[in-house]
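A.B. asks: Sequence:
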Amino acid sequence: MPTIKAIYDFLNTKAPFSLQEDWDNSGFLVGDPNTEVTKVLTALDITDEVIAEAAAWGAELIVSHHPVIFRPVRQATTGEADLTGRKVWNMARQGISAICCHTDLDVIEGGVNTVLAQKLGLEEIEQLEQTGTDREGRPCGIGRIGSLPQPMETQAFLRLVRSALAPNGIRYTDSGRPIRRVAVGGGACGDMVMTAWKAGCDAFVTSDVKYNQFLDAKELGMTLVDAGHFPTENPVIPVVAQWLRGAFPQVRVRISQRHREVISYDLGENSR
Numbered sequence: 297m298p299t300i301k302a303i304y305d306f307l308n309t310k311a312p313f314s315l316q317e318d319w320d321n322s323g324f325l326v327g328d329p330n331t332e333v334t335k336v337l338t339a340l341d342i343t344d345e346v347i348a349e350a351a352a353w354g355a356e357l358i359v360s361h362h363p364v365i366f367r368p369v370r371q372a373t374t375g376e377a378d379l380t381g382r383k384v385w386n387m388a389r390q391g392i393s394a395i396c397c398h399t400d401l402d403v404i405e406g407g408v409n410t411v412l413a414q415k416l417g418l419e420e421i422e423q424l425e426q427t428g429t430d431r432e433g434r435p436c437g438i439g440r441i442g443s444l445p446q447p448m449e450t451q452a453f454l455r456l457v458r459s460a461l462a463p464n465g466i467r468y469t470d471s472g473r474p475i476r477r478v479a480v481g482g483g484a485c486g487d488m489v490m491t492a493w494k495a496g497c498d499a500f501v502t503s504d505v506k507y508n509q510f511l512d513a514k515e516l517g518m519t520l521v522d523a524g525h526f527p528t529e530n531p532v533i534p535v536v537a538q539w540l541r542g543a544f545p546q547v548r549v550r551i552s553q554r555h556r557e558v559i560s561y562d563l564g565e566n567s568r
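Using this note's numbering, read the sequence shown as starting at 297 and increasing by one per residue.
The hints are simulated quantities; they were obtained by calculation from the structure and are not laboratory data.
Incorrect hints may have been included.
In the BS3-like style, the derived pairs of lysine-lysine whose C-alpha atoms are separated by at most 25 Å in a straight line are [what the hints assert, rightly or not]:
1. LYS310 / LYS335
2. LYS301 / LYS335
3. LYS514 / LYS494
4. LYS415 / LYS494
5. LYS494 / LYS506
6. LYS310 / LYS415
Per label pair, the in silico range of CB-to-CB distance [stated by the list, open to error]:
7. ALA372 / ARG541: 30 to 36 Å
8. ARG554 / LYS301: 23 to 29 Å
9. GLY465 / ARG367: 26 to 32 Å
10. ARG556 / ALA484: 26 to 32 Å
11. LYS494 / ASP328: 45 to 51 Å
12. GLU317 / LEU511: 23 to 29 Å
13. GLU422 / ASP328: 18 to 24 Å
14. ASP328 / GLY472: 55 to 61 Å
15. ARG554 / ASP328: 20 to 26 Å
16. ARG467 / GLN390: 36 to 42 Å
Here a beta-carbon is modelled for each residue, glycine too, at the ideal position from N, C-alpha and C.
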């Protein structure tokens, strides 16, 4: 059976950890690299529920997008003083390791942003903002741009987003004009509103958008859609699972069934 190091080395060829942002903490974060792996659980985040799911299934490894350790861990105990420390302690106690592919998975071709663009049915996909190149000299960057097969009115486009990403809710501002050219940024890419507009986009789909960013989009005349952090990034997890299945057919790979969107929307009487 492959070791955790072998799986790490494979993921490093798919989404090189050297491509991560300086502030990021992607990589092999918890565990013993020499542990043999029979089962891998994949998930967007390593939560208490995901750890319990991995333990119940007997997985030796969790591969996630968001790093389980992002800020300094001050304690690794059973208490709640440090929630990250509690997770690390719980994983170590049960022999569960963690490999996390974060911003390196954002920027590569075929990663978070490419998959998001494909989920929305965009064609002629290209970089929104290039940040560097990979080992083969191929461009890497945040966000993607593509075109819809046919122009859409805003409400039809929102129905497309709901169907493709299944968010619990959508926040948006409507430019009032047809949408054909679309930019996407999986996760918190609201600061790229101007970049999307300068690229000639009619709409930008991202998440965690701030109030002033909605105002900017409205004044620029571009539809801005906040479809949620989980819905815009989670589509890459089945892709990562498929990579692992293809490279390690002897290992059982499962996508977390317990990790779901945690944000709910109370629309009340204002719902359509």
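A.B. asks: For each hint given before, does the structure comply? Return the numbers of the non-compliant ones in rising order.
C.D. replies: As far as the earlier hints go, 10 and 13 are violated by this structure, in ascending order.
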